[in-house]
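So the protein lines, in turn, are chains A and B. According to my numbering, the first sequence is numbered sequentially starting from 1. According to my numbering, the second sequence is numbered sequentially starting from 1.
Careful, some of the hints might be misleading.
To list a few chain B residues with every Cβ distance to chain A over 12 Å, as calculated [as the list claims (entries may be wrong)]: (1) N5; (2) P28; (3) N37; (4) W91; (5) K155; (6) N160; (7) N185; (8) H237; (9) R243; (10) P322; (11) E366; (12) L394; (13) R413.
What follows is a set of in silico ranges between Cβ atoms, one per label pair, in the way DEER data are often shown [what the hints assert, rightly or not]: (14) B/T58 - A/T92: 56 to 62 Å; (15) B/I151 - A/K304: 14 to 20 Å; (16) B/D231 - A/T148: 37 to 43 Å; (17) B/T58 - A/D339: 52 to 58 Å; (18) A/K304 - B/V259: 35 to 41 Å; (19) B/A232 - A/E180: 46 to 52 Å; (20) A/A275 - B/E266: 45 to 51 Å; (21) A/E344 - B/T268: 44 to 50 Å; (22) B/G395 - A/D89: 52 to 58 Å; (23) A/N306 - B/N24: 20 to 26 Å.
Just so you know, these hints were derived from the structure itself, not from any lab. Glycine residues also receive a C-beta, built at the ideal position from the N, C-alpha and C atoms.
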Amino acid sequence: MAPINWNSVRDEVTSILQHLLRFDTTNPPGNETPCLQWVAELLRANAIESQLLESAPTRGNLVARLKGDGSKPPFIFMGHVDVVPVERDKWTHDPFGGEISDGFVYGRGALDMKNIDAIQTMVFLLLQREGVPLARDIIFMLNADEETGGAFGARWMQENHPDLIQAEAGITELGGNAVEFGGKKFFMVQTGEKGGSGFILRARGSAGHASQPHADNAVLKLIRAIQKLGAAERPIHVSPTMRTFVETIARELGADGEVLYGLLEDETFDETLNALPVPASMKKMLHSQFHNSMAPTVLNAGSKINVIPTIAECTVDCRIVPGQTRDDVLREVRAAIGDNCEIEFRSEIVSTGVEQASAPMSELWRLIDKHVRAHVGDGVTVPFLMTGGTDSRFQVKLGTQMFGFTPALAPIQEYDRIHGHDERVAISDLEFGVRVLYDIVKDYCAA
Amino acid sequence: MPNRNDDAIRDEVTQVLQGLLRCNTTNPPGNEVIAINYLADILKREGIVATVLESAPTRANLVATLRGDGSRRPFLLMGHVDVVPAEADQWEHPPFAAEMHDGFIYGRGARDMKNTVAIELMVFMLLKRNGVPLKRDVVFMANADEEAGGIYGSKWMMQNHPDLIRAEYALNEGGGNVLPINGRNFILCQTGEKGNSRFIVRTRGTPGHASQPHKDNAILHLADAVTQLGDAHLPIHVTATARAFVEGIARELGPNGDVWLGLLDEKTFWQTLDALPLSDGIKRQLIATFTNTAVPTILKAGSKTNVIPSVAEAHVDSRKLPGSTNASFLKELRAVLPAWAEIEFTGDMPGIEAKPDSPLFEKIKEVMTRYVPNGAVVPALVVGGTDARHQTKLGTQVYGFSPSNAAPSEGERVHAHDERVHVDDLLFGVKAMYDIVAEFCSA
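For reference, chain B alone in the conformation it holds in the complex:
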């Protein structure tokens, strides 16, 4: 990267981030306009005109574009500037002060995801400063409201200003971190997100006075049904992401990796999983990567101690894989639940998946091999949702990739207390992302 030394870049991205962290964009209410105006001012000083679009008073989104020669379709750097609430009294360092201690910058959003917004902005400005000859337009978008679903942010932009943000590829939050397995550093690149298919299991029985119990008790029926759901292994689905993930790990681990391939077959999945030397936490993530999940979280029945109710309900949080539909999932549930248990879907958001073998993915692999010794990029499915699901509707292949060499444990501070990012990690992110975007968009 010509014209800049590492120290100067580190200082600049650090300042950008500190300014962002000091804007309290806790959502609700959001009030993202203060952070968006802050970003627009930085771009203005850089000679870049940004468009600020308010979906509602104080709920602002920003778009800026570096023009390419038009021979290739646009490339999008996207991120959100709202954050989840912080319990300030539980923090050692105030959540909106951006204090620096031992090289770490502390603040709500330091990893989710103002760090990535600062990195993306830095990359965007460096592309201009360095006069990189672009074949693609490079678009920078900062959104409101991701943490509450995107209605005032990415979803609103997709619905109201699609022409400003149409792109072939995008980088977003959700990956870029390192997962050590058997001494190898696997770098996860998010290529897919699960959707949801929340549902209610409802059972009915005969009401009656509790002093003379009968077997036709809705609560007992619910217990029978949900026990079966809890005991069941739902069917294995091998998405393109999951297959590439497993094959990537198996290939990198050499002969030790062959056992991983058992995850790709329903008949051998569960015994393979049992045998893998992984923590329970990682095993659960793997199960969630290969199955639609169904987790009962709410129980409702009855109101009077001495009255047997006629209806009982379990509300089930369910995440379906890309490729699954509520109709296909219903068949899986019907195979597990007794016929008398009613199933009512209350959610239906499809999962999304970008190609785990696209030219951009190959470029990410190539660049990261230079940055992480002993590292290998593998695609990953995340079990939560991001703004990617809105952008995907415009035909964009969205990859969750914010390069980081932080320890995996740093991720536990996301949505928790004393969220922080190290300034060296910011620099690492800028350098790696710059190479990916500059090389991919100028080729």
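Pulled out of the complex, with its shape left as it was, chain A reads as follows:
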């Protein structure tokens, strides 16, 4: 068999991404079906049949399968094709144009996650074209609606078509990029997600006319509570995933890595994090990975300027470390603000986090690590905890061990463009992603 022509693969994966980016799948409303019809056509042109399942009109989900010999359970690639809205006037490139400039492809979704959709599509096509004999079925699923919670996408598939997507292990978005410590590249593999436990802080006070100030002003009570919440030193929570993350890096760095153990103790966490030679965005992420994060995001009080309102509210976005509960959150908030405000949990968005503490022991993990080292001389893989939620949380309900892993060499600052302006991906990273993932999946699934 002729060796793979990587120049032509690079061109092809770039072209696939450009096509995907040109479908405006801004969610809401989503309108993912046309984009997925295009993918279905592409698969059909490569002799692969797929199913397009609509959870609602225009909200499509696509599933395709390469059959293995059935000696091992299936593997799944999953991704979503919807994207978040753009502020078009802040972009220097058309967000739905798939434009190429200086080696980058620009567009909404170029990092979240049409790039990964394109890479997975390419790997899927290559495995088919190369005629690799498979022990495992390889399932390829592209979903609607990840950005607003998955009710029309991965969650709907998990609830309505579980038989189509049952798998032992899978790879999806996030992770795969590298953070550098002591000159070594550590490729992060997402093996867990934080949960959500958002709440409302509510202060009550006495009504009154603002011309005669009184001491029971709900607005001031709320403001003081937020001030205390912002200033509070809250405890760290070390999940097994993040303990492995720290210990792996520390071990690899030897004596230079000792300092990292400071991230595992409350007393030393802050100073250790401050001193780390990593970008601010990485520190922000690490801080959230070790805490039940609490970010006030919405303020609401009063409507008439001369009337002191009786109620003032602040919505607080809160992401909990797996293993933490609502009671733990309550305790932390009370310790910070005292008893002056009510705390109301928004039950509809409470979810516990998930993590797979044993992920680094698994076969797929070992193959990811092996091929990362093969492609990047001093590359090492480390598990990490995603600070937000992805569709993985639905797939794990089917017993699938999910890894967030999209191999990339881009500096970590590039990821600040996710949900921001001028989102882009380097063409070289598209090729790198296909090369590494192809090797991993082939190794994992081949007979």
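Chain A is fixed; fit chain B onto it per the hints.
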């Protein structure tokens, strides 16, 4: 007061008020023309020609004048006939029926301020009936639209018909009630009103996804800034009114009153206030009398739970003292708020102040000493606004003084349910105000 006995006056002012209360002049929409025509008819029967001026359809104002000999400048009795809305189902007695129970007349406007309009009209007619030799013209003005800012009432008159209402002195709503302190009855005469200087405190931060919080959160910045504003003691300003108020109380209370003088010095104000045997409510009024106030009432930031917003705002209701400007107030705020907190003024209405030592004020003191045993008149600053702010622009010294011997708790019914006034209080008001106006305008 010759030619009339008390019972007849009480009956007449009561009837005038009942007729006024039965005109539903809830503002909005106002529809004051029905009340104004009612007043014009009464004046016509009295042989007095009233001028009715409509600022807009149904929004009427009335002016009538008793001529003096012109040796002194005119004197104005002013009032408004519109009222705030009533939640009729919460009233024990219907708000526009003017029912009388146990000597009280119930109705929306019974204290704010159709009672005072009826008293002023009664005084005005008695001056004519009694043939009081006037050195000043005495002008009676009834306005629309005070409760919504005066655009169709006092402000419109001031801008469009200033020659009809130009006066050296005026009596208006806002004072005349009794404040008991240490067994003494202090009668408040409003000599000033605070203005407003509403502003927005705005903080900015870095937007971002809430799953990875950062310290540069606009809401956290706002919390830091507004906490400092809430904790701060803004500077003390001693207006002429406040000084006369404190000195009047101190003098009347004798040796027990000396401690009050500590309110007049920034260095001793707060400890003095702490030590005074007053209710929290009165202490808060005192603070509002001596400081510009800043009360956050509206908070706005963000819209999506998972997005850290880049801007957060607190809207602050602020009342500034006569003599303070937005520029001077800004310096006070800047001393309290961090430099990164933006301050944007959205209101700028100056406070006003009449002299607390004028001949009219002295006359009010003199007359009230005759009417209230153990009473003493002191000037007061009110924290809300009335039509006085428009009339003041014509150079008029406006005093808020509608004499009343009602219990202080009756005032809580203003803008609330079952507003009422006692017929004896109406009579008290007519007699005291008549003496003040007749003596002052004939001298």
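Exercise. In terms of Cβ atoms, is chain A entirely out of 12 Å range of B/P322?
Worked result: Holds, since 14 Å exceeds 12 Å.
Exercise. Holds or violated: 52 to 58 Å for the Cβ distance of B/T58 and A/D339?
Worked result: holds (53 Å)
Exercise. Should the hint that A/N306 and B/N24 are 20 to 26 Å apart at their CB atoms be regarded as holding?
Worked result: holds (25 Å)
For this session: Please settle this one: B/H237 was flagged as non-interface, so is its CB more than 12 Å from every CB on chain A?
Result: holds (16 Å)
Exercise. Far enough from chain A: is every CB of that chain over 12 Å from the CB of B/R413?
Worked result: About 15 Å separates B/R413 from the closest Cβ of chain A, which puts it past 12 Å; holds.
Exercise. Closest CB-CB distance from B/K155 to chain A, is it above 12 Å?
Worked result: The assertion about B/K155 holds, with a minimum of 18 Å to chain A.
Exercise. Non-interface claim for B/L394: all C-beta distances to chain A beyond 12 Å?
Worked result: Answer for B/L394: holds, closest chain A Cβ roughly 25 Å.
Exercise. Holds or violated: is the Cβ of B/N37 farther than 12 Å from all Cβ atoms of chain A?
Worked result: The claim holds: B/N37 sits with its nearest Cβ about 32 Å from chain A, beyond 12 Å.
For this session: Taking the shortest Cβ-to-Cβ distance between B/N5 and chain A, state whether it exceeds 12 Å.
Result: It holds; B/N5 is separated from chain A by about 41 Å at its closest Cβ, greater than 12 Å.
Exercise. So does B/A232 sit 46 to 52 Å from A/E180, Cβ to Cβ?
Worked result: holds (47 Å)
Exercise. Taking the CB of B/T58 and the CB of A/T92, does the distance hold inside 56 to 62 Å?
Worked result: Distance hint for B/T58, A/T92 holds at roughly 59 Å.
Exercise. Is the gap between the beta carbons of A/A275 and B/E266 within 45 to 51 Å?
Worked result: holds (47 Å)
Against the hints set out earlier in the document, no violation occurs for any number.
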